[in-house]
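Q: Protein sequences, first through last, are from chains L and W. Numbering-wise, this note's numbering puts 70 at position 70 of the first sequence, and it's gapless, one number per residue. Numbering-wise, this note's numbering puts 1062 at position 62 of the second sequence, and it's gapless, one number per residue.
If you are wondering where the hints come from, they were derived from the structure by calculation, not from laboratory data. Treat each hint with caution, since some may be false.
To be verified - Taking lysine-lysine and the DSSO-like style, the derived pairs with C-alpha atoms no more than 30 angstroms apart in a straight line are: (1) K1065(W) - K61(L); (2) K1058(W) - K281(L); (3) K79(L) - K12(L); (4) K1032(W) - K310(L); (5) K1167(W) - K1121(W).
To be verified - A few chain W positions that, by computed beta-carbon distances, are all more than 10 angstroms from chain L: (6) T1124; (7) Y1154; (8) D1175.
These numbers were taken from a predicted model, which means no experiment stands behind them. Backbone N, C-alpha and C define an ideal beta-carbon position, used for all residues, glycine too.
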Amino acid sequence: MDMAFIIETIVKIVVILLVFSALAGLGTYFERKVLAFMQRRLGPMHVGPFGLLQVAADGIKLFTKEDIIPQNVVKPIFKIAPVITAATAFMAAAAIPFWPQFTVFGYTVHPIVADVNIGILYVLGVMAIGLYGPLLGGMASANKFSLISAARSAAVFISYEVISGLSLLAPLMMVGSLSLVDINNYQVGGIGHWIIWSQPVAFILFWIAAFAETGRTPFHLVANDHEIIDGFGTEYSGMRWGLFFIGEYANMFFISFVIAIIFLGGFGDGTIAGAFQLLLKVAFFFFFFLWTRAAWPDVRPDQLMWLCWKVLMPIAVINVVITGLVMMF
Amino acid sequence: MHSEPLNDRNVSEHSAYYYVDIEEYPTTGWDKFKQVVKRTFRGELFVGLWVVMREMIKFDIHTVKYPLEKLPIGPRYRAVHKLLRLWESGYERCIGCGLCEKICISDCIRMDTKIDENSRKEVTEYSINLGRCIFCGYCAEVCPELAIVHGQRYENGSEQRAHFVIKDDMLTPLDFLTSGQQAEYPGFGSITPNESVTKTPLAY
Chain L
1 MDMAFIIETI VKIVVILLVF SALAGLGTYF ERKVLAFMQR RLGPMHVGPF
51 GLLQVAADGI KLFTKEDIIP QNVVKPIFKI APVITAATAF MAAAAIPFWP
101 QFTVFGYTVH PIVADVNIGI LYVLGVMAIG LYGPLLGGMA SANKFSLISA
151 ARSAAVFISY EVISGLSLLA PLMMVGSLSL VDINNYQVGG IGHWIIWSQP
201 VAFILFWIAA FAETGRTPFH LVANDHEIID GFGTEYSGMR WGLFFIGEYA
251 NMFFISFVIA IIFLGGFGDG TIAGAFQLLL KVAFFFFFFL WTRAAWPDVR
301 PDQLMWLCWK VLMPIAVINV VITGLVMMF
Chain W
1001 MHSEPLNDRN VSEHSAYYYV DIEEYPTTGW DKFKQVVKRT FRGELFVGLW
1051 VVMREMIKFD IHTVKYPLEK LPIGPRYRAV HKLLRLWESG YERCIGCGLC
1101 EKICISDCIR MDTKIDENSR KEVTEYSINL GRCIFCGYCA EVCPELAIVH
1151 GQRYENGSEQ RAHFVIKDDM LTPLDFLTSG QQAEYPGFGS ITPNESVTKT
1201 PLAY
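Just chain L, with the same shape it has in the complex (with noise of 0.2 angstroms):
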């Protein structure tokens, strides 16, 4: 292979890291500054400018406590747990197509790690693994709200899949490739060109289940406060729990991108004006995050369940036969 390439890969794998752990740590800063606001407070204001420096000082507590391993923990399965949950949440962002391509001193430069021909499927693939890691916290860490948070975790996440792979069926029918490249270059006309307008029910059902696989607030009974303490979190403490922690912020930025590739065109013609629109919607997404997690009340396990199979998964089959039918005629 060619030494360049290697290289190139290599440069960008660390960019990618490097911005997204970054970013889940500014992540954290504006979905506590988001939440306060529209809780009339003012969310952390003393640690540098407007608080902008809680970030660091968060880094630091974290990186500098002390890593508890319980006695009666399985301790291999424990220690390896919350890096598979971070690992697999970048791993996931191998194939997400993050910036246009653009040319720096007569360089062509695809911001994308592996411009595989089955980006969606990948990502999808990797972001399932992601499961493991709260899963084989969970069971390992000898603890009943773990346990618990272990099982439902297992369980919103496997039937979640089925909504997210079967909602995107039916857009994937319509681009007929599996690249994220290709599908944004779908799109590529402009709004009215955009997927959600063809396929809104899929963007609703896709939406719906990342806020099931990211187990962000309306679905947000794999570690609910006031249930199980901290779910498969209970046990961690220090940098371990901070890699969950990194893994579900990283696991948001990158939903957020797929939806906006998917369902709104993603960077549209590859300017930088499509560029910074591409931002924007990726923004908009992760800011809903947040919005939701202070307007919304939790749902039941029993009631997600119900959600998902009886009436996500029909919706879903119901769009996939009608999208066939459709093209079909």
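Given chain L, work out where chain W should sit, using these hints.
A: The following block gives chain W in isolation, referenced to the frame of chain L:
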């Protein structure tokens, strides 16, 4: 509204009470389905989104940045006790009657008295165990001389709670008194303004 309709607790057309309108719970599957559809498309979720967004846009922040800003506390707030002095002579108001020690329901006040050379009762030791005190205010209420009152000092930081109730700390310092900073407790039985409480004469 007059209170008469509220006194009749029976639900009728004359009383103010009425049954809250609660819909029947759906029993059949079709009814449950209809309820779900109604709730789904009534847009209540968007009402919630709008409410929090409205508060964010209004930016009407209610936070009190505590160490920098403080809320005013009520004049009759019951924080750590104070022992007051007589305005005109600067003498301690406490006559050592022991009523506060007697009435204290958590039994945390201790005092020692002796008869001094003027055959006047003098308080030698006075302590309040703040680990037991429940700040009920009975001691301040029972005190016939307005000698022990509750202060406004709620920010206490020390290694031991006992440090706040050394008698010398509770007693108004003399320079405070001369500069007129001794605050009177404005509760029931308080002295009227500009009235100076004088020492009770020995020959009564």
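Q: Beyond 10 angstroms on every Cβ pair: is that true for T1124(W) relative to chain L?
A: 48 angstroms, holds
Q: Does the alpha-carbon distance linking K1058(W) and K281(L) stay inside the 30 angstroms limit?
A: Status holds; Cα separation ~24 angstroms.
Q: Assess, step by step, whether the Cα of K1032(W) is no farther than 30 angstroms from the Cα of K310(L), and give holds or violated.
A: 13 angstroms, holds
Q: Would you say D1175(W) is clear of chain L, with no C-beta pair closer than or equal to 10 angstroms?
A: Since the minimum Cβ distance to chain L is about 37 angstroms, D1175(W) lies beyond 10 angstroms and the statement holds.
Q: So if I understand the rule, the pair passes when the alpha-carbon distance is 30 angstroms or less; does K79(L) with K12(L) pass?
A: 28 angstroms, holds
Q: Would you mind confirming whether the straight-line C-alpha gap from K1065(W) to K61(L) stays at or under 30 angstroms?
A: Holds - the C-alpha atoms of K61(L) and K1065(W) are around 24 angstroms apart, at most 30 angstroms.
Q: Hey, is Y1154(W) genuinely clear of chain L, shortest beta carbon separation above 10 angstroms?
A: Y1154(W) is indeed farther than 10 angstroms from all Cβ atoms of chain L, at 22 angstroms.
Q: Would the pair K1167(W) and K1121(W) pass a check requiring their Cα atoms to be no farther apart than 30 angstroms?
A: 17 angstroms, holds
Every hint from the earlier list agrees with this structure, and none is contradicted.
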